[in-house]
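Peer 1: Residue numbers (numbering that gives the first Met the number 0), protein chains in the order written: chain A, 0 to 322; chain B, 0 to 671.
Don't take every hint at face value.
Stated by the list, open to error - Examples of chain B residues toward chain A, derived with CB under 10 Å: (1) F126; (2) A301; (3) I342; (4) S365.
Read the hints as simulated data drawn from the structure, not as lab findings.
For clarity, every value in this text was computed on a predicted model and none was experimentally measured.
Beta carbons are placed, not taken as given, at the ideal position from N, Cα and C, and that holds for glycine.
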Amino acid sequence: MRKIIVTTATLVFVALVLIGFSKAPAAKEENNKGAKEEHEKAEKKNEGYVSTETCQGCHSDVYDRFKKTAMGTLFLRHPRTAMEKHGCETCHGPASKHVSSGGKSFEGLVRFTKEGPTPVSENNDVCLRCHQKRHRLFWSGSVHSVQGLACISCHVVHTGPGITSRYQLANITVEDTCLTCHKEQVRAENKFSHHPLREGKMNCASCHNPHGTTSPKLIKAISTNELCFNCHAQYRGPFIFQHPPVMEDCFNCHQPHGTAYPTLLKQPPIRLCRNCHITFHNLKFTIGNTTQIRANMMVGTGCINCHRNIHGSNNINGNLFFR
Amino acid sequence: MKGKIRVLFLTIMFISLSCADGFAELEVGDYTLGGYISMGGGWLSDQPRFMNRGYLKRYLPFPQGFLVNMDLKLKSKDGLTYYRFYMSQPGLRDQDFLLQAGKLGVYHAEIEYDELQHLYCTVNPFFNRIGIQVQRLRFDGYYMPTPNLVIFAEDQFLKRTGWQPGSYVTGPENPYNFTTYLRPINYKQNDVKVGVEYDQPTDQESVFQGRVSYHLSTFDNGQDTVIGRQPPVGSLAYVSLPPGNMANYITAEGALNLKSHKTRITGSMSYGWLSQDDAVYEGTTPFAPPPFTVPGRFAGLAGLSVTTFNAYIAGITRPIPPLALRYSYSAYNYSNNNTANEILRRAFVAEPTLLNAEQYSYFRQSAKFGADYRVNKNLAFTVGYTWKGVSRTEGQGSTSSHSPQVGMKWVPTNWLSLLANYAFTARTGSNFLWSESPADPTAVLTYKYYAGNLIRNNVNFIAEVYPVNTVTCSFNFSFYNDNFTDSTFGIQNDQGWSVGADVSWRPHDRVALSFGYDHQQLQTKALAITAPFPSGETGVVTGDTGTLTTSDAYNTFAARADIKLIPKKLDLTTRGSYSFSNSNFHNSIIPNLNEYYADIRTYLTYQLNEHWACRAGYIFQVFGMSSDYQRLYLQGITAAGAPGSPQTFNTLGGFYTNATAHILQGFVQYKF
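So that you can see chain A by itself, here it is in the shape it has in the complex:
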């Protein structure tokens, strides 16, 4: 298996090198043609714009960091549109008044700082001009947008410790970024039973899309069950014998962020099952002349010791999920 993986990886690597040296002439020509028309339009609207070199004169450290990012590479070296040719002013707006005042006036500028006068929604509109596609399609009206979260609350563009991290996160890792507001959920990774987040094999974005989704709790699926089936398809069924709370929502029994009980159960089985199952086995039994508690209901997986296929059974004799 490992030989196949190494060989495949090598072949893919070579293929990608060859693709990388190829060109996409159709796209480039279309970009050039479109860019010329855009440039003519932009020239008419060029009032108030200075050049990126002017910005660099006073903000050289910011410029040096920005040019290493993907945005910086495109805006400063390979602008594809008249708007991108403005470089720093693509996002910050025309800076002529800022420059002529020696940096004292911020009139006409979009400032992305907490003390800046620009409201969060207008700051976000600047980012959304380009970044409203793919995973951010449902940002407007999403819970983070409604709560007034700014793009720069989680991401950095040219200043911050996370500038070299993937997705340029403000706090380097996904967990640290979410931790600011969601301490209870992020810290749940330290509980006894947890998904492998603290081990680095998953992160919050494995299940959630913080930019907005069509589902509650920003989950990346049309329902909570279908989210879980992305990795746990063995419970998808449909089964001959179904367990209704499983059919409707995995989270009727499980707490995916972390719990004190095995298999992410919200309570130990002997208590959890009794939330619904209100008739109960006689929990005492007799061996010889001794009456004992059915210890098997206290130990191990409790009720699941016998009702093993609790998520559903595909056996004609599986009516009580014994098999």
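With chain A's structure known, arrange chain B on it following the hints.
Peer 2: Relative to the frame of chain A, chain B by itself:
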């Protein structure tokens, strides 16, 4: 094979490092090479040894032995084209390989192979390692043939192999004994998603965006027969496996921007078809199963399927600048048309009412309205209302909930930011008490609390404080209370609250400190009373009288320090977390469950020159669980409350012993 991989990488490293001093930023034709290679090892000392390492190695092996990490980035001189190769712990059970390639604005592709283990138990005397190995191969990429079009594809292949603990009941009624076995696992799951998205060019005012995608998911349980093995002699147990299944989804999504009042409408429709046609086994008579040690006979193929349909539409309108209006509607339909299935009818021939209770369809809807008003830059209010409804077929009842919400965001000063919101929910349900015999309503078997009446209160509060430039603080508080009203059975109340704080302090350019604490308290209450079973059998768990209360308290401390002891020469990084929990069952027979876990890692990095660095590290891990609960888990209890006899069968899964580990590490790193 592991050894060969290590030798190969070692050779590559020696070649690359042998003339390292001659390399600045390494130029390779029209590309520059960056990144690092790190090579070293770890030495482990743990107590108790071997068998007791289960929890500390639950997902990852100890980082000991020969260790290699590499992250190489090749970038074209014009900055547009890039390649990246990342490798971590090759040859170990948590190895990770990632290959990326792309051209900015044209395409991106990545392929990753990684592994993860899931250990259930390491203390069984016959099998000292019970667990599964998860292997994942993932592909993700997109291509933009034109600025308006994105073609994307994802694939995730998951393979799980190993052994999983299982058990089956022995004795039909009394004494409900059970016996354990090991189930061989050989699961394969594949998820493929492909799609195309249309967006207007970024320099044009966006009017329309559209996306169409297809998702295929398959699951194969990898076995034709259904066998578990009972340790230690390996006798067989015939049990049912999760059936192989398949799901297909077609999704169309889009967005429309209207100039009128800056309105944006988004929508989504998805149709899914889930099917399962795996082999079904049976005993000689339905509802009279054979012993588990006897294989059943093949009864046919299941031939079951369900369809799902999801529709969503939402909009946001800004009629005047400080006001935004939000509205959305979503519908999810789960359609089960299996009641006429021949296999199903045979399975339910003795209890037809059970068929209706389990094979039903449901339709879930949600409508939301909200308004956000920005008084000024520092103050904003939000109000909203949500209606949710679920209707179920086959007489399984329906629910309807109404939930008003209010919220506020206030920034009174430039060093303080406050966010608060409150939501109230009232849910009513019908037919949530289920009786097997409609003619005898007192013979209630289940209380479906998730479909029953409910009153919920939910409060959230977040504060961010920046008292001085070098200090950042954040505080969270949340509270919820679910009151399950109008039922004299089952769960009555579920409530919880949590409070957390984080402080980051940068007293000096060379020192960054952070500290965090989180406390959470949960409590559920259910009635210990049982409803009379038709056969007249009643009973409660010994010690459970009146109300069953389960209380959980969790505490987590986390700290981090990054100190540049000597600028550009010597760095110290340390981070750690300590969490402990207490679960109280309010039952004199069932002991409290106390667990604790700590992980502290400290690294000292010495920079020899611009490229070379040495790093020494120390990792401390400890796990503990209260011994009374562990004893209960293994031995059970007698009627008098005394520990029962030791049962080795229970050490097949889900059981971990206390352990402590100390790991020393040393690395040499070369950075391009």
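Peer 1: So, for every hint listed, does it hold in this structure?
Peer 2: We went through each hint and held it up to the structure:
Among the interface hints, the one on F126(B) is violated; its C-beta lies about 16 Å from the nearest C-beta in chain A, farther than the 10 Å criterion. Checking A301(B) against chain A by beta carbon gives a least distance of about 6 Å; that is within 10 Å, so the hint holds. Satisfaction of the interface hint for I342(B) is found here, the shortest Cβ-Cβ separation to chain A being roughly 7 Å, below the 10 Å cut-off. Restraint check, S365(B) versus chain A: the minimum CB separation of about 8 Å is within 10 Å; hint holds.
Of the hints listed earlier, the one the structure fails to meet is number 1.
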